[in-house]
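Chemist: One-letter residues, chain by chain:
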Amino acid sequence: MIVPLSDAVAEHVHDGDVVALEGFTHLIPSAAGHELIRQERRDLTLVRMTPDVVYDQLIGMGCARKLVFSWGGNPGVGSLHRLRDAVEKGWPQPLELEEHSHAGMAAAYAAGAANLPFGVLRGYRGGDLPARTRVATVVCPFTGEELAAVPAHRPDVGVIHAQQADRRGNVQLWGIAGVQKETVLASKRSIVTVEEIVDELEPRPDAVVLPAWVISAVCVAPRGAHPSYAAGYYDRDNEFYVAWDTVSRDRETFLAWMQRHVLDTADVDGYHASLVAEETTAA
Amino acid sequence: MIVPLSDAVAEHVHDGDVVALEGFTHLIPSAAGHELIRQERRDLTLVRMTPDVVYDQLIGMGCARKLVFSWGGNPGVGSLHRLRDAVEKGWPQPLELEEHSHAGMAAAYAAGAANLPFGVLRGYRGGDLPARTRVATVVCPFTGEELAAVPAHRPDVGVIHAQQADRRGNVQLWGIAGVQKETVLASKRSIVTVEEIVDELEPRPDAVVLPAWVISAVCVAPRGAHPSYAAGYYDRDNEFYVAWDTVSRDRETFLAWMQRHVLDTADVDGYHASLVAEETTAA
Amino acid sequence: MSMNGDRPYTADEMMAVEASRRLTDDNVCFVGIGLPSLAANLARRTHAPGCTLVYESGTIGSKPARLPLSIGDGELAETADAVVSVPEMFAYWLQGRRIDVGFLGAAQIDRHGNLNSTVIGPYDAPSVRLPGGGGAPEIALGVDDVFVMLRQSKRTFVDELDFTTSLGDNVRVVVTDLGILEPRPSEDGTVELTLTSVHPGASADEARAATGWDLRVADDLAETEPPTENELTALRALETKGRS
Amino acid sequence: MSMNGDRPYTADEMMAVEASRRLTDDNVCFVGIGLPSLAANLARRTHAPGCTLVYESGTIGSKPARLPLSIGDGELAETADAVVSVPEMFAYWLQGRRIDVGFLGAAQIDRHGNLNSTVIGPYDAPSVRLPGGGGAPEIALGVDDVFVMLRQSKRTFVDELDFTTSLGDNVRVVVTDLGILEPRPSEDGTVELTLTSVHPGASADEARAATGWDLRVADDLAETEPPTENELTALRALETKGRS
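Chains as they are written, first to last, in the working numbering: chain R, 1 to 283; chain X, 1 to 283; chain W, 1 to 244; chain F, 1 to 244.
Honestly, the hints are just simulated from the structure, not real lab data.
Simulated DEER-style distance windows between Cβ atoms:
1. R:I197 with F:R236: 43 to 51 Å
2. W:D205 with X:A131: 34 to 42 Å
3. X:A136 with W:D220: 44 to 52 Å
4. W:D188 with X:K89: 40 to 48 Å
5. X:A10 with W:I120: 34 to 42 Å
Glycine included, each C-beta is placed from N, C-alpha and C at the ideal position.
So here's chain R without its partners, still in its complex pose:
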């Protein structure tokens, strides 16, 4: 149940899988994404409402064949240059897009978690998106009203980051919880990285608890949500998001950065050590 992240990725994530690494600005599972890159997963369909830096990295390193998403940017900074390069210029390979609205993505995850084949919402009305994505119409059998239907998300693997697990593998996260519960419950398999293992999960306000028996693997990854934050553990690294704009703008700079900080490091501790080392050198 509680295994090293490298083992969990090796066992549960295969080339060609549909993988959702979710986190809504908080608790983004970056360490798990880096491990996918280290293990050179290919042809993934990546799902996420808000792909940001770690998705930019996965796309730029050639792990992804397709992206299913609703907003792909560097929050507060601007574009994701690797995402743009893949879409606009096909580098390092073309990236198929399946684009939704947030409401549609959320409904698709909730439907998946509920083992329904589709989610229903008032959405996708007018505009150019409906013609470009997977959406259909359902008619209310009672009122005759037309509503939008989105196909449920049922990823092969759901990956999230949480603050804590206990020794049996029960997981607790708190603060902004996004679609993480739905991601785990909608997925065939799931990996949860955590800041730490504790003896006892202390009940907290605004907590989501996922019992061990809905999770495939729990892995310890301290600071594993960097550059996002983990409430109660560390703050968002706002400077990193700004710096990423520069790093990611150029293909060679990006590849060299990924080599130094991800490919040449063994795990999340190595990743952070490499960042510290670089800062020290630069200073």
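Starting from the known structure of chain R, arrange chains X, W and F on it as the hints suggest.
Modeler: Below, chains X, W and F alone, put in the same frame as chain R:
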């Protein structure tokens, strides 16, 4: 915003309304139900997953024309005799039933809260219930699979009981939360009775917070969930549920009991005082 | 609670013990109040401490120290790993097929394990209006294995239900006060509930006499293992532990 | 942030102040990051302290002491009345029509208030792939009043959108760095965004020159009230308050 319960009922609940007083074994809004009886509301369509004692009282006192429900009993004890008398013998008046499963009721509330005209579920398959209730089939536009659809609950008034409100009318309840959030959000108007008003709502584990702006009226009703319980305030009155079996079995005994404890009392404090007085006399 | 001849346990205790034995450490189990709750909590205190109890009130992983008096008992929330809303319970957890075993009771059962908890008599003019299905219709089809606990009599084990509340497709065992019924294929290929074990002191004839259809008896009819000392001690500790 | 001639405030500050003025004490307001968040938080610190801020990350009633840097900023959760999941936010709160005002930005706007935040160029071969709609399509139709904040230029105020991400049906005002556009019916009965006010120092001609369609100017064109001392002080306190 924070008003006497009698004013809230007078303003927000009208004869003929669809009213959902919800509580899943915990935080049952009995005091509000008693006020409906005192004010002699008639022709109500009562909605509730688990109608128990207070619904038995409303039905026996002739407030209800129709019941929409999924399980109507005296939990751990047996039948609701007033409910049975209305259904089996039409006393004090016939009661129309719209019967669902728990899953269907829950989906109908969730659909109502989400402003959708219907809820979708895997349910109502086989058996005799589908022919006896409002359920329809929807077909998944992606897989062709058939699923059940239930019409959304959109009560005129949703009524719940909670532990606390702050002075602005924000409400917090904790512990088993049932469908109370959905009941308030699905309803056109809503009344929340609370154990007490506090200066500040302290965040708690397993809490549901409803902001003042989704609630029509907040009313103080200490011990207003009797004979059910309010976590952190008082326990379930298990003896009352057992005693209710005897009280409710006979029409005259029932009417006399309601006269003494509800009609002849002004509010929840009077109700409790009358129960204590009776115990003292009996002892 | 009736005494069970001169045996040192009641019929209810036999039922609870036998049902508890069918739960494993890995089960996630949807529990109702009464005998099912007793059985599931007993399993946790004997051979299956890892068995997870889920109550439809939204409590997941409850570990009550005393037997709950309602499915929404405060103790269930306080000792739970997680408490979720009722819509979430039915959508994400039951419909999401996260629960593998469900207990059901009823007023009537037929040979296929179909259950009636809705009405006795016609639906529109019932002689007895029962509480209704509650969670049963979706539990019956939403878990892998349904365990039914029901006292056996011609009134409850009927040839034809007055109303079909839930389907018997996933009913794996019916534990009664007289014995154990399990679905077994007959010579003509149809599967129906068959008496596979009788409890100590009960007989196949007694069971047949308490059944409203022509009850099949298994060729390899067994006698149920009586409750062990350990099982009875654990069971009674649960039953007598009052509200603190 | 560009200076605004010799006026003691920037164009962004004028935009934030003007947008904030349109919020009332009773509004429940869906807020994004950047100028909308600045405007909404300013309203709470000036004339509309009761205005409720809702962020799509699930925080309801956030009262941030400093300006959030992302819509999922921890401060937003810590100061919220309630934190809900993202599916609940979109289903119960936005779709449930509990939110009356929504702020939107975009890369392009047309005369009907339709917005593009998806692509520049063809969808299948874009010259610029923008982040995408996010919450915008459903916010645009799920609130009563949409406020758009967008700097005005021929590149952003276009005759024809490259892609329609969200519809303009509920757009009540567009606050730009030059002035205010509101939907107004013209002689021929069609409603389109019309310049109704220019900010101090800006002119109708300047606004027309920064618009890719033939911009209508209201007969009763007003001049926007400049930021008051009080507004500027409150605004700058918000902007400069750093992370503790």
